[in-house]
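**Student:** Following the hints, complete the assembly by docking chain B onto the known chain A.
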Amino acid sequence: MTSVSLNLSRDDRPILIAALFILVILVAGTVYTFARFGSAPLLSPTYLLQQLQIGAFLGIVAAGMMIVILIAQIDLSVPWTLAAAAMMATSIGGPLAIPVGLGIGLLVGLVNGIGVAYLRVPSMIFTLGVNAVMRGLMVAHTGGYAPQTAATDLMRSLAADRTLGIPNALFVWAAVSVLVAILLQRTALGRYIYAIGNKEAAAYLAGVDTRRVTVICFVICGVAAGLAGVLLAGYSTKAYQGMGDAYLLPSIAAVVIGGTNILGGRGRYLGTLVGVVLIVLLNSVLSIMDMPEAGRQVIYGLVIIFMLLVYGRGERVTS
Amino acid sequence: MLDDLAIRVRQNVGIVTAVLLFCILYVLYNLAHPKGFSSAVLVQNSDEIFALAMLAMAQTVPVLASGLDLSVGAVMTMVGCFASYLLTGTAAGAPLHLDIFGLHLFLGSFPGGISGILLGIVVCLAIGAAAGFVNGCVVVYGRIQPIIATLATGAVYIGIALFLRPTPGGKIDEDLNWALTNSLGDFAQTVHIFDDGAAGWFAPLAWIPVPFVLLVLIALLVWMPFRRSVLGRAVYAVGSAEGAAYMSGLPIDRAKIAAFTLAGFFAGCGGLFLAIQTSSGNADIPQAGAYTLNSIASVVIGGTSLLGGTGSAIGSIFGAMILRVISFFFRIFDIAPLLQPLFEGLILLAAVSIGALGVLRVRNTLELFR
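Chains A and B, in that order, give the protein sequences. Quick note, in our numbering, the first sequence goes up one by one and the last residue is 319. Quick note, in our numbering, the second sequence goes up one by one and the last residue is 1370.
Only chain A is shown next, with the shape it has when bound in the complex (with noise of 0.2 Å):
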């Protein structure tokens, strides 16, 4: 590969790749239809975009996630604050819902970041007990049972209504995107969250605050799991126990393969929608072809594998 016809930094290429392993996947999963029923539903506009209505959940969820991991954190309370968000916010009801629930979330993130930049307790078992708590503060609230509240029609429409036939949740996803997008490339923030990532003294003592900047990647984690959880309340009309659980694993695999270093420091938004978008088609052609769910967990694992493998392998450390 020569440099003049393909001058790829060394964060595109994992983009390029899952972008191509994406058409892998459409044209497999049409070949399969094809063979199998005669029809190709993945091409058609109308299920792609049911298919990514239901993956901005996720979207959303990730982009919260990748700026955590970009300053070399995780967050794990993830679940637990996107089912809290959304209780809260179907349980209070009215035009204060959206409010409270992306309020809920910003507590969390504040909580996670505090304890994470001041008290320097490991994220990997803070965002933990953090996720405890918050599970056990909404068993307790609920007492263990589904909730008997229902998601606000604004919530709904949100999440489940169409404009100029495109999913609303789309657009709240693009938002999300553009918003996060800019706050990287754009911003001294942005400037900030990579130095963090690749090196916290060398950022301090270039005088940047890290340990403010910590906690504000907290908070907007937070808020992005709790805006995740009022949609999806939205989407299934109510919130209900364990609604989280199913977005923290993948969160991370979508920000990973996506390119961006679990270690921090580097990668790029683009490879997250990339990685998220992926993920999405993947489920949704392994649902058509009726895999059960231990394949799934089978194929799921080794495509992230083989993905890392393409373009994920560290450097030996030597010195």
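Incorrect hints may have been included.
Chain A residues, not near chain B, derived (Cβ > 10 Å throughout) [to be verified]:
# : residue
1 : GLY165
2 : ALA175
3 : ALA188
4 : SER236
Here chain B is said to cover these stretches of chain A; the calculated rule only asks that three of the stretch's residues, wherever they fall, bring their Cβ under 8 Å from a Cβ of chain B [unchecked claim]:
# : segment
5 : 115-123
6 : 129-139
7 : 248-255
8 : 292-302
Okay, the calculated beta carbon distance ranges per label pair [stated by the list, open to error]:
#  : chain 1 : residue 1 : chain 2 : residue 2 : range
9  : A       : GLY295    : B       : PRO1111   : 26 to 34 Å
10 : A       : ALA175    : B       : THR1365   : 34 to 42 Å
11 : A       : GLN148    : B       : VAL1213   : 46 to 54 Å
12 : A       : ARG313    : B       : SER1248   : 20 to 28 Å
Keep in mind that the hints were calculated from the coordinates and are not lab data. Since the model is a prediction, treat every value here as computed from it, not as a measurement. Here a beta-carbon is modelled for each residue, glycine too, at the ideal position from N, C-alpha and C.
**Tutor:** Just chain B, lined up with the frame of chain A:
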């Protein structure tokens, strides 16, 4: 002499705190329990502790090498599902089939009786170790970050477990279940040794729970020799400074593979026991996730640094026991079941936050970033 002791205590302050905390909590628990300090309570508690203690040990080894193994719960679940096929204990042996992609393959039959059970246990532990070995190879030769590599292999192992047991089921030999989940006296009676446990010299030992003995044996016969071996020391060295370990000519790759293999073996022990205890195989994904996360919590409470290089699997065992004893307390202090998850979370947060208060003493902020 006293100076030496003081230095040793200071070096191991994490594990010493964990041991003291556990002793205090457990004595309090037994004092508050109506049947405290009895063999029955001890047996019940060690049954409930064993699987998590094994997973905590499993998690410790990769963490010492500054990796993290997110697949320990999945390996445990997978080994448990295998055990529910291999340890049925029917005298005639169990036929093994493999139904995949519409094919119906007959794999031969598994021997029955005592030899079949012993072989089944060995096979189950080997499967656990093999799963760990695969993790190690993906991390070392694939050069993928451990946290994300084991996330992916964990999904694969859960997939295999679901393939084996789409719905909970299977069976474990009743005698095996009875012998391993009760006291030494019951064990001797079931396997007919020491005059069925009636031998005079054996009586003072008969109250000890079998899982407790197994735990001590595994710690003494597997963990201690490993820690003192070249590979074990290399694991610690890799965790504290990989570059320096490389420059010193330590077998880094083999140490990492050994760390993950040992983790798989320990997780396999946990899965095997869980299957024996519940007499069935169950591909329970939430349970696998909960065990993985609790194993990380146990490691931290047991005084092992998540950055690697310091700590010990023994500490993690105490970490796991502390976590479990806290939940025992809920049973005797009449705390509403609905509030229990909240208290568990708060106690975990409080424990790690108190442990982190050392940051307030740091004079140079730069020391925080390592």
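**Student:** Does each hint hold? Answer for all of them.
**Tutor:** Against the structure, the hints:
1. GLY165: holds, 35 Å
2. ALA175: The assertion about ALA175(A) holds, with a minimum of 29 Å to chain B.
3. ALA188: holds, 20 Å
4. SER236: SER236(A) clear of chain B: closest Cβ-Cβ about 19 Å, beyond 10 Å.
5. 115-123: holds (count 6)
6. 129-139: holds (count 10)
7. 248-255: With 3 residues in contact (Cβ-Cβ under 8 Å with chain B), the coverage given for the segment 248-255 of chain A holds.
8. 292-302: holds (count 11)
9. GLY295(A) / PRO1111(B): 26 to 34 Å: Since the Cβ atoms of GLY295(A) and PRO1111(B) sit about 31 Å apart, the hinted range of 26 to 34 Å holds.
10. ALA175(A) / THR1365(B): 34 to 42 Å: Since ALA175(A) and THR1365(B) have Cβ atoms about 37 Å apart, the given range 34 to 42 Å holds.
11. GLN148(A) / VAL1213(B): 46 to 54 Å: holds, 50 Å
12. ARG313(A) / SER1248(B): 20 to 28 Å: Holds - the Cβ-Cβ distance for ARG313(A) and SER1248(B), about 24 Å, lies within 20 to 28 Å.
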